[in-house]
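Chemist: Could you build all of it, start to finish, from the sequences and the hints given here?
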Amino acid sequence: MTLIRPRRITRQRTRGWRKPAAAVIVDRTSRWGNPFTVAAALAASEDQARALCREQYRRWITEAVPGQPDVLGSGRRTFDRRWVRAHLHELRGRVLCCPCPAGSPCHADVLGELADLCA
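For the sequence shown, our numbering gives the first residue as 125, with consecutive numbering after it.
Keep in mind the hints are simulated off the structure, nothing from the lab.
Treat the hints loosely; a few may be bogus.
[Claimed, not checked] Heads up, simulated SDA-like pairs for lysine to any residue below, C-alpha to C-alpha not over 25 Å straight-line:
| no. | residue 1 | residue 2 |
| --- | --- | --- |
| 1 | Lys143 | Ala226 |
| 2 | Lys143 | Glu214 |
| 3 | Lys143 | Arg183 |
| 4 | Lys143 | Thr161 |
| 5 | Lys143 | Pro190 |
| 6 | Lys143 | Arg131 |
| 7 | Lys143 | His211 |
[Said to hold, decoys possible] Distance ranges between label pairs, derived from CB positions:
| no. | residue 1 | residue 2 | range |
| --- | --- | --- | --- |
| 8 | Arg142 | Pro190 | 41 to 47 Å |
| 9 | Gly227 | Asp204 | 26 to 32 Å |
| 10 | Ala146 | Gln192 | 31 to 37 Å |
| 11 | Thr161 | His211 | 21 to 27 Å |
Yeah, the Cβ is synthetic: ideal placement off N, Cα and C, and Gly gets one too.
Modeler: Next up, the structure:
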């Protein structure tokens, strides 16, 4: 089986920028968003905070942790891991678009890895 790894691009907010047609927005404005925020992470640097948020997201999506809810909120948005798990196959081979800087830890990397595992 050949794995098809989605690429990740940085979502821009500059005037005139357009998302590539096949790209999927995976930031907090979408159902693919990460409910774990960098601001809430306790870490020595921004990259460490991003890495912590990414790993919290990975555990939330992949593990059944006693007492951890299936639905989490961040701001006005709620995120349901059951929905994410059921729809991961939709991201296979897609470009994932998130505002995280290129090369920094991001939950889109987790979504890409998990989408690769979908048949």
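Chemist: Of the numbered hints stated previously, which ones are contradicted by the structure, given in increasing order?
Modeler: 3 and 5
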